[in-house]
Structure formats: C-alpha cells, structure tokens
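S.K.: This is what each chain is made of:
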Amino acid sequence: MSTIIAQKPKSLTDVPMHYCPGCGHGIVHRLMGETFDELGIADRVIGIAPVGCAVFADDYFKCDTVQGAHGRGPAIATGVKRSKPGAIVFSYQGDGDLASIGMAEIVHAAVRSENITIIFINNAIYGMTGGQMAPTTLVGQVATTAPKGRDPKLQGWPINMCEMLAQITGSKFLARVAVDCPQNVIKAKQAIKKAFENQVNNVGFSMVEVLSQCPTNWHASVPQALEFVRTKMMPQYPLGIFKDEGAK
Amino acid sequence: MPRIEVDATRCKACYLCVDVCPKKCLGPSKSISKKGYFPAEMQHSENCIGCAMCYRMCPDIAITVIKE
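In order, the protein sequences belong to chains A and B. Numbering of the first sequence is given in the working numbering, commencing with residue 1 and proceeding in unit increments. Numbering of the second sequence is given in the working numbering, commencing with residue 1 and proceeding in unit increments.
Treat the hints with caution; some may be incorrect.
[To be verified] DSS-like mimics (lysine-lysine), calculated; alpha carbons at most 27 Å apart, straight line: (1) B/K67 with A/K187; (2) B/K35 with A/K8; (3) A/K62 with B/K35; (4) A/K84 with A/K10; (5) A/K8 with B/K23; (6) A/K8 with B/K30; (7) B/K34 with A/K62; (8) B/K34 with A/K10; (9) B/K67 with A/K10; (10) A/K8 with B/K34; (11) B/K24 with A/K187; (12) A/K187 with B/K23; (13) A/K193 with A/K84.
Everything labelled a hint here was simulated from the structure, so no lab data went into it.
Just need the whole structure built from these sequences, with the hints factored in.
M.R.: What follows is the structure in structure tokens.
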C-alpha cells in the first residue's frame with residue numbers, strides 16, 4: 001500500500017514548463033495550483049497571463065486565461081471580475097510588466113479596491129526580453145541597459161511596490177515573500193492562499209509580491225542566484241506582510 | 001519506506017532538490033535525458049525520510065513523493 005505524499009497539483013496541466021532551469025516561476029505556479037485545489041475553486045478561476053516570461057501561463061493552468069497587453073493585467077482582471085462576479089480572477093505579472101508600464105493600472109486597481117488577486121513576480125530584471133533594467137533593478141546591479149550598474153543619479157532608485165501600495169486605502173492584503181528555500185516557499189504558499197481566500201470572502205484588492213531568482217539574466221549559477229536573492233534583494237525588499245485588513 | 005520519483009522529461013537539472021535535501025539522497029544522473037539535461041535522481045533511497053523538501057523546491061514539478 002503506497003500513499004502519495006506530494007505530487008503535481010490537479011489544477012495544473014501535464015505540459016512541461018518552458019522556464020529556464022532554477023527559475024522561480026514554476027514554484028509559484030505550483031503554489032497557485034495547490035491553492036486552487038485546496039480552496040476548491042479550480043473550476044471558477046480565470047487567469048490573466050502577462051507579457052513576459054509567463055506569457056504561456058495558459059498552457060500550465062487548467063483554467064480559462066486571457067492574455068493581456070503589457071501591464072494591463074489589473075485592468076483586464078477588473079473587467080472580467082465585474083462581468084463575472086462569481087469567478088476567481090488573478091493577474092500574474094512580472095516586475096517589468098507591473099512596476100513600469102502597468103504602474104497606473106495596478107495603482108488604480110488598488111484605489112478602487114477591485115476584488116482581484118495579483119501575483120507579482122519580482123526578479124529585478126526584464127527576463128523574457130534579455131535582461132534589460134527594470135524599475136526594480138537594484139542600485140549597482142548590471143543589466144544590458146545599465147552596463148555599468150544602475151546609477152541612482154541617472155536611472156533613479158528601485159521601486160518597492162508593497163510599501164507604495166500600502167499607502168492606498170483600497171489595498172487590503174499586501175505581502176512580500178521569496179522562493180529561495182523550503183521555509184520561504186511554505187510562507188509564500190500561506191500568503192498566496194490568503195490572497196485567494198480574501199477574494200473568495202470579497203475582502204478586496206490583494207497582492208503577493210514574490211522575490212524570484214533569474215539565473216539566466218543575472219548570469220549566475222542557481223546557487224549564486226539564490227544567494228543574490230538573500231544577500232542583495234532581501235535588504236532592499238524586506239519580506240513580510242505589509243497590510244492585512246481582511247483579518248479584522 | 002518513503003521514496004521519490006523524478007520525471008526525467010520535466011527535470012531541467014537545476015539541482016535545487018539536490019541542494020535542499022537534508023539527507024543528501026539526490027544527485028545528478030549519469031544518463032542524459034531527451035531534453036539534453038542530466039536529470040536529478042535518487043541515489044541513496046535508504047536515507048530518504050519523505051520530507052518532500054525536494055518537491056517544494058522543484059520549479060518544474062518533476063518530483064512525486066510516495067510513502068510505501
């Protein structure tokens with residue numbers, strides 16, 4: 001008699017993922033799949049796939065998916081949620097998508113407190129297009145469009161999205177997590193589950209920012225990339241829950 | 001006895017599972033997969049405690065943990 005302790009969630013398809021070896025996207029996809037299974041919402045989830053590495057996310061989730069224009073995920077999610085209030089709508093976005101071209105959409109979705117869930121993957125670089133500087137690129141970090149490292153005098157400072165959105169009354173749940181070690185993956189799962197529970201309970205705007213490793217565009221091995229997340233990203237982007245008004 | 005199965009068609013040989021295994025049960029395979037990687041494989045199954053940390057860290061969801 002054998003029992004399965006852990007296996008691929010039922011909400012995910014069997015399609016092998018296209019992400020680079022060691023990338024954090026796959027871990028986040030799995031956590032979301034587990035959440036859909038555990039909350040029993042798999043049949044009413046509608047996802048918004050972004051422009052970026054996760055553009056093929058519709059291949060991996062067994063749910064209906066809309067592929068949005070760059071940065072417009074929260075606006076599309078707003079439309080889907082308002083026309084189908086029973087659906088559980090998530091927008092899956094990267095940092096180049098959400099924090100630069102999509103800045104207006106994310107801020108105003110939070111201002112309106114749209115009852116949607118945002119999964120924000122922060123890897124401090126534009127991944128799919130080949131390693132350009134993102135708004136979240138760290139000071140001194142080398143990118144193809146910042147070959148000498150990001151200089152605040154020239155390119156400004158990185159944006160901390162969770163801290164910024166926490167100022168807005170409409171945002172209800174904001175957490176920053178990482179997927180660099182099993183302990184942080186468990187915490188990330190709790191935050192993602194909470195963000196979807198909030199939507200089921202009509203709490204309002206929920207966002208989980210995930211610090212994710214990008215070994216390819218950081219030009220690092222997988223262990224070096226994990227070390228970069230811990231030693232360079234976490235001081236700039238401290239982990240934690242910045243707002244949790246659903247708990248009151 | 002817990003054991004794990006690695007789906008060699010999904011594994012991209014990032015070896016996150018090899019690094020996090022507290023009992024150091026996993027290691028790179030000597031045979032090449034269809035994708036062109038040397039997938040992770042169980043090398044010391046007698047030490048496996050079924051903690052599923054490899055499953056938690058696997059970005060390609062290639063690992064299934066089974067308890068016999």
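S.K.: Look at each hint and say if it fits the structure.
M.R.: Hints, one by one, checked against the model:
1. B/K67 with A/K187: Since the Cα atoms of B/K67 and A/K187 sit roughly 25 Å apart, the hinted pair holds (cutoff 27 Å).
2. B/K35 with A/K8: 20 Å, holds
3. A/K62 with B/K35: Roughly 24 Å separates the two Cα atoms, so the pair holds.
4. A/K84 with A/K10: Since the Cα atoms of A/K84 and A/K10 sit roughly 24 Å apart, the hinted pair holds (cutoff 27 Å).
5. A/K8 with B/K23: Between A/K8 and B/K23 the Cα gap is close to 23 Å, so the pair holds against 27 Å.
6. A/K8 with B/K30: 25 Å, holds
7. B/K34 with A/K62: Holds, at about 25 Å.
8. B/K34 with A/K10: 25 Å, holds
9. B/K67 with A/K10: 19 Å, holds
10. A/K8 with B/K34: Given that 27 Å is the threshold and the Cα spacing comes to 21 Å, the pair holds.
11. B/K24 with A/K187: 24 Å, holds
12. A/K187 with B/K23: 23 Å, holds
13. A/K193 with A/K84: Holds, at roughly 21 Å.
Consistency note: the structure conflicts with none of the earlier hints.
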